[in-house]
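Chemist: These are the residues of each chain, in order.
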Amino acid sequence: MSGAGLAARGIAKRFGYREILRDVSLELEPGQICAIFGPNGAGKSTLLKVLACLTRPSAGEILWEGRPVKDGASLRAAMGMVGHGTFLYDLLTAEENLLFYGRLYRVGDLRRRVSEILERVGLGFAARDPVATFSRGMKQRLTIGRALLHRPRLLLMDEPFTGLDQAGRSLLIDLLREFRGGGGACLLISHDFAETLDVADRFLILNRGRIAGAGDCGAVGPADFARLYEDAVGQPPD
Amino acid sequence: MLAKSMAIVWKDVVVEFRAKEILAAVLIFAALVALIFGFAFDPVEHDLTGIFPGLMWVAYFFAGTLGLNRSFITEKQNDALQGLVLAPGDRSAIFLGKFLANWLFMTLVELILTPVFFALLNVSFKGGLLLAAVLALATVGFTAAGTFLSGLAANTRASEVLLPILLFPLLVPVVIGAVRATAGAMAGDAATAVAWLRALAAYDAVFVVVPFLVFEYLLEG
Ligand SMILES: Nc1ncnc2c1ncn2[C@@H]1O[C@H](COP(=O)(O)OP(=O)(O)O)[C@@H](O)[C@H]1O
Ligand SMILES: [Mg+2]
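Residue numbers (the numbering used here), protein chains in the order written: chain E, 1 to 238; chain X, 1001 to 1221.
Hints should not be assumed to be uniformly reliable.
Said to hold, decoys possible - Facing chain E, according to a computed beta carbon distance under 7 Å, are these residues of chain X, among others:
no.: 1; residue: 1007
no.: 2; residue: 1011
no.: 3; residue: 1015
no.: 4; residue: 1019
no.: 5; residue: 1038
no.: 6; residue: 1040
no.: 7; residue: 1088
Stated by the list, open to error - Mimicking DMTMM-like on lysine to aspartate or glutamate, the simulated pairs with C-alpha atoms at most 20 Å apart in a straight line are:
no.: 8; chain 1: X; residue 1: 1020; chain 2: E; residue 2: 90
no.: 9; chain 1: X; residue 1: 1076; chain 2: X; residue 2: 1216
no.: 10; chain 1: X; residue 1: 1076; chain 2: E; residue 2: 90
no.: 11; chain 1: E; residue 1: 70; chain 2: X; residue 2: 1045
no.: 12; chain 1: E; residue 1: 70; chain 2: X; residue 2: 1216
Please keep in mind that the hints were generated in silico from the structure rather than gathered at the bench. The beta-carbon is built from N, C-alpha and C at its ideal position, and this holds for glycine as well.
Just need the whole structure built from these sequences, with the hints factored in.
Modeler: Structure below.
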């Protein structure tokens, strides 16, 4: 391997006696988007949390730019995350939420960057509105903007299409392409097969905590993918 | 480190300014307790000076627990606490920020309510600067221990019940110190007041430093 980007080797995660992840290894290079598919409960979110150092793996190791990540300190500044929650404060405005996260990440020229991001995710008109008044889709746009605010080099996204309308989906795809174009590495959990296969470079299929399938998005057509997915999971996609 | 904590303090102050949840709950509860004490102990017939420090601190600590319970609730909504944990820098900075914000809110409440307590319990106002020092130091110990346990209890289901059960036993030294120091300050006995202030400062040091060291491990999901 090249030593750049993110690598995970032999990751296992147990909760009590239940083994949620078993021997998961992956590599993610700069300028690459890797999709993770799999049924509910497969362990996708748990894998993302382990990679984000939000929870410790029971076994295995994570490398960032060739060095082992221990408590995540080396990784955190370079990483943007979209999780199940929005990480937003409902009583703060969109702008205040971004200003807050910008301070945590010590973003330079913060006010300019915040209005730039708000425009980019199409929320310029609502900058001064409290997040509590936002629709689910607007919150998701702001969540994506928050994850990109500090110009991360690694993006971990857990079902980021949730709640987005068609325009929001196209926007997210544009942003992902732009991010990859700038040399960013992205891990993308998704149930939106068509869109995700279109934007991603590679995909993994996770089933019962194991990697049960993998492929290149460019080389696999929709019918091939459906067959691969069914082989891996035991049921067709959708 | 400090930048992260200060960002959290700023955020908590703005949120509190909008919601007024913590200040309103603590102010109203403590003021009601003062009123009830007024009826129960009949300050017109009896001189309450002797039990005044105890009454005041019981009210502040019980009321303050309501506020501490709220402190991590905003962080649990939308998984915001995960966002704080993911941000660069020590996780201890999260404790420091939340503690400073809670200390600010609690001190503000006490500044408003202490004159009210003196008036409602018909005790002449005494103590001045020494009393201010007691309020400040006792509130450090109370909010530091409280913020720590509030963070600890935040990941459990019954956090509202758990917090007082864990917190009150730990607070015994602060209660004793605060009550004795307040009594000393009110009696004009500076030597006694300062001796108890020292004890409070020692307790404060422990309850600021220990959470600071272990918060790193506390926030594991
Ligand atoms: N903190 C936890 N304690 C115990 N079990 C958990 C915990 N988190 C997740 N799990 C279990 O791990 C499995 C995988 O969950 P998750 O990673 O959320 O799946 P996915 O995101 O693929 O739908 C589920 O069966 C879930 O119940
Ligand atoms: Mg999930």
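Chemist: Does residue 1216 (chain X) lie within 20 Å of residue 1076 (chain X) when you go C-alpha to C-alpha?
Modeler: holds, 17 Å
Chemist: Residue 1015 (chain X) was flagged as interface toward chain E. Is the shortest Cβ-Cβ separation under 7 Å?
Modeler: holds, 5 Å
Chemist: Assess, step by step, whether the Cα of residue 1020 (chain X) is no farther than 20 Å from the Cα of residue 90 (chain E), and give holds or violated.
Modeler: Distance ~14 Å between residue 1020 (chain X) and residue 90 (chain E) Cα, so the pair holds.
Chemist: Measuring from the C-beta of residue 1007 (chain X) to each C-beta in chain E, is the shortest one below 7 Å?
Modeler: Holds, because the Cβ-Cβ distance from residue 1007 (chain X) to chain E comes to roughly 4 Å (cut-off 7 Å).
Chemist: Quick check on residue 1040 (chain X) please, does its C-beta sit within 7 Å of some C-beta on chain E?
Modeler: violated, 38 Å
Chemist: Can you confirm whether the C-alpha distance between residue 70 (chain E) and residue 1045 (chain X) stays at or below 20 Å?
Modeler: violated, 67 Å
Chemist: Identify whether the interface hint at residue 1038 (chain X) stands, where standing means a beta carbon of chain E within less than 7 Å of its own.
Modeler: violated, 35 Å
Chemist: Would you check the hint for residue 1076 (chain X) and residue 90 (chain E), treating anything up to 20 Å between C-alpha atoms as holding?
Modeler: Holds - the C-alpha atoms of residue 90 (chain E) and residue 1076 (chain X) are around 12 Å apart, at most 20 Å.
Chemist: For the hint on residue 1011 (chain X), just tell me whether its beta-carbon gets within less than 7 Å of chain E.
Modeler: Holds, about 5 Å.
Chemist: Measure nothing beyond the straight line between the CA atoms of residue 70 (chain E) and residue 1216 (chain X); if it is 20 Å or shorter, mark the hint as holding.
Modeler: Cα-Cα ~13 Å, so holds.
Chemist: Taking 7 Å as the limit, does the beta-carbon of residue 1088 (chain X) come near enough to a beta-carbon in chain E?
Modeler: holds, 4 Å
Chemist: Taking the least C-beta to C-beta distance, is residue 1019 (chain X) closer than 7 Å to chain E?
Modeler: Status holds, d = 6 Å.
The structure fails hints 5, 6 and 11 (numbered hints given earlier, in ascending order).
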